[in-house]
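Colleague: Protein sequence lines correspond, in order, to chains A and B. Quick note: the first sequence uses the numbering used here, first residue 1, plus one each step. Quick note: the second sequence uses the numbering used here, first residue 325, plus one each step.
Calculated from the structure, these hints are not laboratory results. In this text, all values refer to a predicted model and were calculated from it rather than measured experimentally. Some hints could be false.
Said to hold, decoys possible - Here chain B is said to cover these stretches of chain A; the calculated rule only asks that three of the stretch's residues, wherever they fall, bring their Cβ under 8 Å from a Cβ of chain B:
{"#": "1", "segment": "74 to 87"}
{"#": "2", "segment": "227 to 233"}
{"#": "3", "segment": "250 to 257"}
Glycine included, each C-beta is placed from N, C-alpha and C at the ideal position.
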Amino acid sequence: MPPQLKCGLAALSLLLLAAGTARADHLYISNEKDNTVTVVDATSLAIVKTVPVGARPRGLLLAADHKSLYVCTSDADHIEVLDLASLAVTRTLQSGPDPETFALSPDGKTLYVSNEDDNQVSIVDIASGRISDEIPTGVEPEGMVVSPDGKTIVNTSETTSMAHFIDATSHKMLASVLVGSRPRFAAYTKDGGQVWVSSEVGGNVSVIDSATHKVIHTIAFAIPGVPAETVQAVGINLSPDGKWAFVALGPANRVAVVDTASYAVKKYLLVGQRVWHMDFSFDGKTLYTANGVSNDMSVIDVGEMKVTKSVPVGHLPWGVVYGP
Amino acid sequence: MLRRLLFSTAILLTLAAKANAAPPADPDWPCQQRLVAHLALATYWTGPAPPAGVDWHSDQRLAALVEQVSPRDVSAADGAANLDGFAKSVPATERAKTLPLAFAALVEQTNEERDAVVSRLKDLAVRQRSLAKRIESDEAALQAIPPDATGDAAAERAGISERHDLLVRSYHDIGETIRYACQVPGDLDARLGAYARVLAAHLDTK
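Only chain B is shown next, with the shape it has when bound in the complex:
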């Protein structure tokens, strides 16, 4: 019983905290940090603008580079080392054009990776909210049947209790997944910044 009460209290406190917080941009966003819809090039980059009308996909070298460093499991250090090698290989006279284009490609691809994570996080938040409602409903049903009930009522109580415990376990499991997954957009943001700094270091900014 204590565990159930604690669970309800925790949900209420969470809801109260959310009610007190500044209005969220998206009600399904479960992470503490504010949701930024898309990462923008200018947030990281003050170098030359990428050349207009050039599609990086048609540049095989760039496309291969983006494929190598953009997947979520590529560490910032590995990706940065790869980009450093790429930037060095670009002739100095072409860097002001090629490196901004490379960064624009990285922003685009990182956004794709990030969008998938954000979407998954929102799905998890919706699922967790639905679980919370079912748990509360079960708790109300359990309150209505006395603990010392006998016969059919006792069997019904036992069934609800078993289902309730499973739901609570799922709720906490999803919470853990959300907690872990909430770090991913930040990690991608940090990695994109590191990539920007590597490329910018190869530009003559004077």
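Looking at chain A on its own, in the form it has when it is part of the complex:
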């Protein structure tokens, strides 16, 4: 075989190999102050791109098909759809005023958006991009989550300090459960049996039984030497194996690691400043946090329960999502 042909075949094989290699996963971080989403390579932790989006991006969600990212652009009063192949905003969806957090139905067709300014939840049909219904809820709605079976929506209201359970079909309020002061975030356990609600001012997490709508446990956090008023519980992420809950404690600069069986706090991890929201890698081995004051993202080795790295991102990072 002539040397040129050999060389050509070798180059072709390399190209084919490269094409066959899976695209690295990425982190997407919303920077509330910069009006951007930072895209970080999950392997190298290098910034791949900073994508301009609408005003005040906060809540982020990965689409069910993993092809796009939904971004609550709060001051633009809509949701933007970031195409993950081109890393460009390709669509906008209606959201109602001041969208901050939202949840995706398990079938990936519907978004439930909390509208802090007008005390309601907007139901957005993703295909049409339009609001199909609005549900009145408590004052200053904030946290949103949908049960794993898609039958129940839970919305927290900051001012009334309640978690509202809403029937996803009839849109009727099923129950309102009093939780800690200024509830910010809600998360279902994988089996749907419990809802965990964080309270920013209360600095605790209420664990609610989904069937009885009763608070069955309240998890308090106390870090030696750290002022109690800085312990502000916000983001909650339950590990894929269900054994651990990671709770972001805001300006206490800690993530609490909670044993979901005993509700005991096993460890407080020092991360960046004003840690707000978090996300797991697909394999559940790594957790990433968005830190609003230190303008970085902390990387946590879940098995070791250790912070391994800090990655500078934009200004006032609010949310982080792991995706392709």
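Given the coordinates of chain A, work out where chain B should sit on it, guided by the hints.
Modeller: The following block gives chain B in isolation, referenced to the frame of chain A:
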């Protein structure tokens, strides 16, 4: 008139929002973020504790360092570069003692800077509240005199109107100052965190 009504409405809405919000720790605190009375070392630091009973003021090198990096107008980047140089200059065997002490000194000095800002902010909030009351009082007085009044009543109305407009301007000016100054405690908090990370990076934490 519209401007006056708008001003009153804005004040009412602000008061309503404050009434709905969670009980503030201090009624004179005008910023959106919760007031944290003092910054604490443990919020930023999980390294070794500073040595007990050692006064950093008596260490001239530390005192000079603190004076260089603590003033409010020192940027986090400049201060961090200075601290990095300092930490490198400390022999490895002394770092576990000197660097926590340096950070404790920085927390103390940053709190002093921050206390002055917090105090000024509270003063501004009190002043703004007092202005709001005077503006409301003037608005009530203006409502009581018909716009088409003549003679002494017209002169009185014009006087009140002029004073009202000045008060409104002052109210908005103070609001702007508060808005700007409210960022300072957060900036100091962010800078202290950056300082902690620089010093901690020079400690053997294994």
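Colleague: Taking 8 Å as the C-beta cutoff, is the stated coverage of the segment 227 to 233 of chain A by chain B satisfied by three or more residues?
Modeller: holds (count 4)
Colleague: Take the segment 250 to 257 of chain A, compare each residue's beta carbon with every beta carbon of chain B, and decide whether three or more fall closer than 8 Å.
Modeller: holds (count 3)
Colleague: Test coverage of the segment 74 to 87 of chain A by chain B using CB-CB distances below 8 Å; three residues minimum.
Modeller: Check failed, 0 qualifying residues.
Taken one by one, the earlier hints fail for this structure only at number 1.
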